[in-house]
Amino acid sequence: MKVKTTVGEHVFDVVDIVLTASLAFVILVPLLSILWSSLSDPVEEMAHKGLMFWPKGFTFSAYSMVFKNKNILTGYRNTLFIVLVGTSLNLLMTLVGAYVLSRKHVFWGRFMTLFVVFTMYFQGGTIPFYLTVKAVHLDGTIWSLIIPAAVNTFNLIVMRTSMAAVPDSLPESAMMDGASHTRILFSIMVPLTQATLAVITLYYAVSHWNSWFNAMIFLRDKSLYPLQLILREILIQDETASMSAGTGNDFSLVSDTIKYATIMVATLPILCVYPFLQRYFVKGVMVGAVKG
Amino acid sequence: MTIHMQKGFFMRNKAEKQKEDEARLMSGNLSTGQKLRKDFSVNKELYLLFIPIFVYYAIFHYGPMIGLTIAFKNYSPARGFFASKWVGLKHFKAFFSDYYFSRILGNTIRISLYTLVFSFPMPIILALLINSLKSRWYSKMVQTITYLPHFISIVVICGIIVQLTNADGAITQILAPLGVKQATMLNNPKLFLPIYIISGVWQTIGWNSIIYLSALTAIDEELYEAARIDGAGKMRQLFSITLPCLLPTIVIMLILQVGKMFNVGYEKIILLYNPLTYEVADVISTYVYRKGLLEFNWSYSAAVGMFNSVVSFLLVFFTNKLSKHVSGNSLW
Chain A
40 MKVKTTVGEH VFDVVDIVLT ASLAFVILVP LLSILWSSLS DPVEEMAHKG
90 LMFWPKGFTF SAYSMVFKNK NILTGYRNTL FIVLVGTSLN LLMTLVGAYV
140 LSRKHVFWGR FMTLFVVFTM YFQGGTIPFY LTVKAVHLDG TIWSLIIPAA
190 VNTFNLIVMR TSMAAVPDSL PESAMMDGAS HTRILFSIMV PLTQATLAVI
240 TLYYAVSHWN SWFNAMIFLR DKSLYPLQLI LREILIQDET ASMSAGTGND
290 FSLVSDTIKY ATIMVATLPI LCVYPFLQRY FVKGVMVGAV KG
Chain B
295 MTIHMQKGFF MRNKAEKQKE DEARLMSGNL STGQKLRKDF SVNKELYLLF
345 IPIFVYYAIF HYGPMIGLTI AFKNYSPARG FFASKWVGLK HFKAFFSDYY
395 FSRILGNTIR ISLYTLVFSF PMPIILALLI NSLKSRWYSK MVQTITYLPH
445 FISIVVICGI IVQLTNADGA ITQILAPLGV KQATMLNNPK LFLPIYIISG
495 VWQTIGWNSI IYLSALTAID EELYEAARID GAGKMRQLFS ITLPCLLPTI
545 VIMLILQVGK MFNVGYEKII LLYNPLTYEV ADVISTYVYR KGLLEFNWSY
595 SAAVGMFNSV VSFLLVFFTN KLSKHVSGNS LW
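Sequence lines, in order, name chains A and B.
To convert a position in the first sequence, counted from 1, into this note's numbering, add 39.
To convert a position in the second sequence, counted from 1, into this note's numbering, add 294.
Here chain A stands alone, though its shape is the one from the complex (with noise of 0.2 Å):
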């Protein structure tokens, strides 16, 4: 039975409307002003006060210099070469782990669970995790950033659980034709599980591509630094002055369109795939909600 919309519920439909219309514009409007003024000429820049709604003196400038500098090119690459790597080491290692924590009738299995989960609540902290690090000599290097995150163990847990569901039968069945282990997590447990490992696969692969702080305290080589870190650099220790040389331009002003680009650079790739792989993401948060 349908009810009449009484005027009291027009009025809440359009306040609802208007509110949510504001904080979408409130949200969006820094995001825009950075896109117009990276677009902008580097003076009318400087002389334009408050936020920016459309670029003024269309040019590419700014972009050009950022193709042109060296450090962003590098760290794109190292970027890369670590989600890359990274996140294939991260799935190899999840799905394994997950697949033997899965499994019942396992005499240590309770103990392999407890081993694994307690880490989730107690962690040695920054100091000793460094001094491990350096420990095994992995400081300095690349695999600094690849093998000492391997494993998530929250994204385990839920590999895991995603396993744990699938039912017995069928890797039992497969047992009795002879399937070994590694055969039935390849060949059975990966495709029912699909939905679960495209979530975790995005996970470990936007950490990857997020991660700067250990790249900090481990690198010291800048040919190695991933982009969040030469990002660090130009954005927030100011250093732009490299990018500025030799364009005739006085350095000051020039700088900020610079950073505007950088920020453009380093953040659009992700913006632009983002609506399509948003639903993963969203099954991602209902995935870990559920009790791992």
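In short, the hints are calculated from the structure, not lab data.
Everything numeric in this text was worked out from a predicted model, so none of it was measured.
Treat the hints with caution; some may be incorrect.
Stated by the list, open to error - Here are the computed lysine to aspartate or glutamate pairs in the DMTMM-like style, where the Cα-Cα straight-line distance is at most 25 Å: (1) B:484 - A:277; (2) A:88 - B:462; (3) B:528 - A:48.
What the hints assert, rightly or not - Here are some chain B residues the structure puts well away from chain A; computed CB gaps all over 12 Å: (4) 355; (5) 408; (6) 473.
Unchecked claim - Just some of the chain B residues that point at chain A, by a computed CB distance under 10 Å: (7) 339; (8) 358; (9) 587.
Beta carbons: idealized from backbone N, C-alpha and C, even for Gly.
For chain A, the structure is supplied; the task is to place chain B on it using the hints.
Frame of chain A, contents of chain B only:
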């Protein structure tokens, strides 16, 4: 053909035998020693597969836990881990009487509390607003836009904040009529916390609303229909149906948030603070980072870190107990 069949037959036998073994193993008719041997022969492949994971956890998770013992030593890299002398609770005593002890503890709690008061309720309100939207595409669009900041890396987020709030930044200029000095806002101890909290809301309001939105969509539509027939207005529906249905989710999220109080994200603070704002921005984890990795007081900073780990662990433990008690839901 026969060979093939025989092979299949043999395999079947092997698998059946394995099942039998497993059943025997669990039935408890064997002594512990026999059980262990039997279990190892049945599950050998699983144990072998687990070795890399075991080694990883042993080195990179349990290694640092053992390494925490340097908090009770005078560790120096020259002497090495084992040769460094034991000094008991010296570093802990030094920390508790440290001039900065109350400052970093106070800052940690203050930042957490402000986050709890200002950032925590926002996603709930947003979820309520989105849930009441009639148009599907509009609601999708609002969601996509509000989730956006979640996908920007923390370094870039902080870069944006720095850029917008520096001496000639857009936000600094907009706030000029309100009497904000046209100088780098992040150098002003009074403005650090507002910037930290407001940008935090900007980052998380959309993403954190997902969990509430899904709880809202689970509410039975008939409840609302029935309420409307009885003449309940939107406000009445909100307080009598929506909020009571949402309460369990809110309680769990609140408890989890309290459990995380001592883990204030150091990444954002390290990127945003500077010596001018240490008095309001320096928290336990950033202090550990500076003392240990920049000033090389290894043992002292390990002791401070250990204090943080233990307090966090206790907080998570008790809030989890509380959550179990209140809602029957818990982390473990």
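Okay, the hints, checked on the actual structure:
no., hint, result
1, B:484 - A:277, "23 Å, holds"
2, A:88 - B:462, "8 Å, holds"
3, B:528 - A:48, "7 Å, holds"
4, 355, "4 Å, violated"
5, 408, "20 Å, holds"
6, 473, "16 Å, holds"
7, 339, "5 Å, holds"
8, 358, "3 Å, holds"
9, 587, "6 Å, holds"
Violated hints amount to a single one, hint 4; each of the other numbered hints is respected by the structure.
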